[in-house]
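Peer 1: So the protein sequences, as listed, match chains A and B. For the first sequence, position 204 matches number 204 in my numbering, and the numbering has no gaps at all. For the second sequence, position 456 matches number 456 in my numbering, and the numbering has no gaps at all.
No lab work stands behind these hints: they were computed from the structure. Keep in mind the model is a prediction, meaning the values are calculated, not measured. Backbone N, C-alpha and C define an ideal beta-carbon position, used for all residues, glycine too. Treat the hints with care, as some may be off.
[Claimed, not checked] Here are the simulated EDC-like pairs of lysine to aspartate or glutamate, each with C-alpha atoms no more than 20 Å apart in a straight line:
hint: 1; chain 1: B; residue 1: 197; chain 2: A; residue 2: 75
hint: 2; chain 1: A; residue 1: 219; chain 2: B; residue 2: 125
hint: 3; chain 1: A; residue 1: 219; chain 2: B; residue 2: 189
hint: 4; chain 1: B; residue 1: 398; chain 2: B; residue 2: 355
hint: 5; chain 1: B; residue 1: 197; chain 2: B; residue 2: 125
[Said to hold, decoys possible] Quick list of the computed label-pair ranges, beta carbon to beta carbon:
hint: 6; chain 1: A; residue 1: 181; chain 2: B; residue 2: 161; range: 47 to 53 Å
hint: 7; chain 1: B; residue 1: 105; chain 2: A; residue 2: 30; range: 33 to 39 Å
hint: 8; chain 1: A; residue 1: 113; chain 2: B; residue 2: 177; range: 42 to 48 Å
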Amino acid sequence: MSGSQANRKKVLESIRTTLGANAPDKWREANVRHRLVTHPSGTIPARSLGNREAGLALFSGMLASQGAEVTRVRDPEGVVKAIAAYLAKHELPSELRLSEEPVLVTLPWLLAPKLTQTYGEPSASDAIGLSRAIAGVAETGTLFLVSGAGNPTSLNFLPETHIVMVDEGDIVGCYEEAWGRLRALYGEGTLPRTVNWISGPSRTADIEQTIISGAHGPKRLFVVILDERSP
Amino acid sequence: MTALASDFKANAAKALADAELQRALLNVKRGFVQKRVDAKARLPEFDTLRDEARAIKLHTLSHLDLYLDYFERKVADSGGQVHFAPTAADAREIILKLCRDADAKLVTKGKSMVSEEIGLNACLEEAGIEAVETDLGEYIAQMRNEAPSHLIAPIIHLNKETIAEDFRRSHEGLAADRTLGSAADLVAEARAVLRQKFLAADVGITGANLLIAETGTSVVVTNEGNADLTQTLPKMHIVIASIEKLVPTLEDACTILRLLARSATGQEITTYTTFATGPRREGDADGPSAYHVVLLDSGRSEMLGGSFNDMLSCIRCGACLNHCPVYATIGGHAYGSLYVGPMGAVLTPALVGIDHARDLPNASSLCGRCEDVCPVRIPLPSMLRAWRERDFARGNPKFREKTALKLWAYAAKRPRLYHALSGAAVKLLALLAGRSGKLSWLPFAGAWTRNRDLPAPEGETFHQLYAKRTQE
């Protein structure tokens, strides 16, 4: 038996001994199988069970209270204009690093001729990152971002400013609903390499409990909600 | 020099006399306590979730062998590897070998108590591998060669002036006259220095707030984003976690995550909660090409099913520290152990043996606030009491304590003798106190009266007063 197998045996046997479970026990095994297959939800906070408008308001409000800027636009043109306006307002560079999400690639970028777009894995010098969230969760204003072919995870952390677009239709009430969507996409018991929940800009309070934005990740988070129903 | 749990009394006396520490400790009360109250008020389901989280953890612990086995298979399915480490030395050996195989020169690290527990940094440094803590607090603690003094706020014992001095000493090649007056200045400088480390690291090591069996996933929460840069940029990601971090499903993780940040900092949720499953997939734009999870036992399996089983459901939020009057008075370092406050006073004797930590379970007034705020309802005061009883039963009490208790027991069993003695003692104490009504010194209780006066009894015992009252 290799060292690693011996280690494994030692830990598991010690657990079984203290639990008094040295013999195989079909009841214990069934408990575990049942839980893994049914993955029951705990109590879902009532705040996340409102209607569509209430959910959207909660999502935006939570993000804002956690230091993000949030805007709601009606169409892809609105997304481009909102990004251009945000960068101008904060006097930020106009070079964007984008994930290769088709929805982002096909935005009408010509409407903002000053903005430039580069795709793929970011470098340390990229100032502005743009990604798309696969879901947004109203209960705490939390964005779900996933890694993938055109979606580098480092894009969410290296640039000083992170812009995230999310479809209004992808905003759900609670975390469990968002996991349900991921299960439908990736299959039961399977996840992409990285799922990032992002609920605001990077911050630290390690020094004298003083909250400072931009500890290691982005100093600013700007969330653009694409909602065809918005005025 | 790290303090020892066996020197608790001396450490505590030193902490009380440390003016800088006392000033810094005010931040615990100012920050965490009220924020937690507010967060709880915003979530009416909070107490229900506590019951559910406790049930999740206890269910997992009672099926831990089976869930670990499943977790291991799921990690393998996604291309990663699980390593079991019976002891701290095993864990160090496994991680060192992984780092050497990756030809690592520089390792970045996310905050991990288990890494501190196994003394990983010293082991890597000895092998010529630079290990850099990237959580701002841990980075500063490492710079000062100190242990963290709080589970989630490692340098809560420091003031910004001290940190500025540390930065001037440690960050070479920067302008000597630069401004480091504010927390923002300090954060900006650390960000710039650490960014270079993130980009150059060969291996990233993080802890795990949770492990999820259903998907073979490790979860880390941060507000800084440091654990993400740590686990995304290098070619290898190693997770070091203890076996009890496991939960069955993604839903179970949600229940615990709803409690963690609210109990810890009073936030609704941490800024970043990251779920890592295996190495980068084919076609992925970035991410590590290797993913390893090292599972540490080191005494935990022996706690299962016994008096201290529930301690294994701890989610390391730090609420018990934040609400502990003892912690608030002496800070973390005085405990002389890695795990501090009420949870540390219960866990440490289980991990290192009661002989090396017998003062810790006594460093409590058993006021019960820790249990009141614990998100998984660990009965910390009863466990502290259980350690005291165990220590006493092992014959550890001092001769003087034992003799005093024997004498008291002898008298208490003989009511007439007891009344005579207590009546005399009460009269004597009242006489000694004189007109002030206070005693500034008592034989055998010099330590107690050194810092406060004992109010003297007024001349009669309870029984005498009671008898008088019933006659009236």
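Peer 1: Which hints, by number, does the structure contradict?
Peer 2: Violated hints: 1, 2 and 7; rest satisfied.
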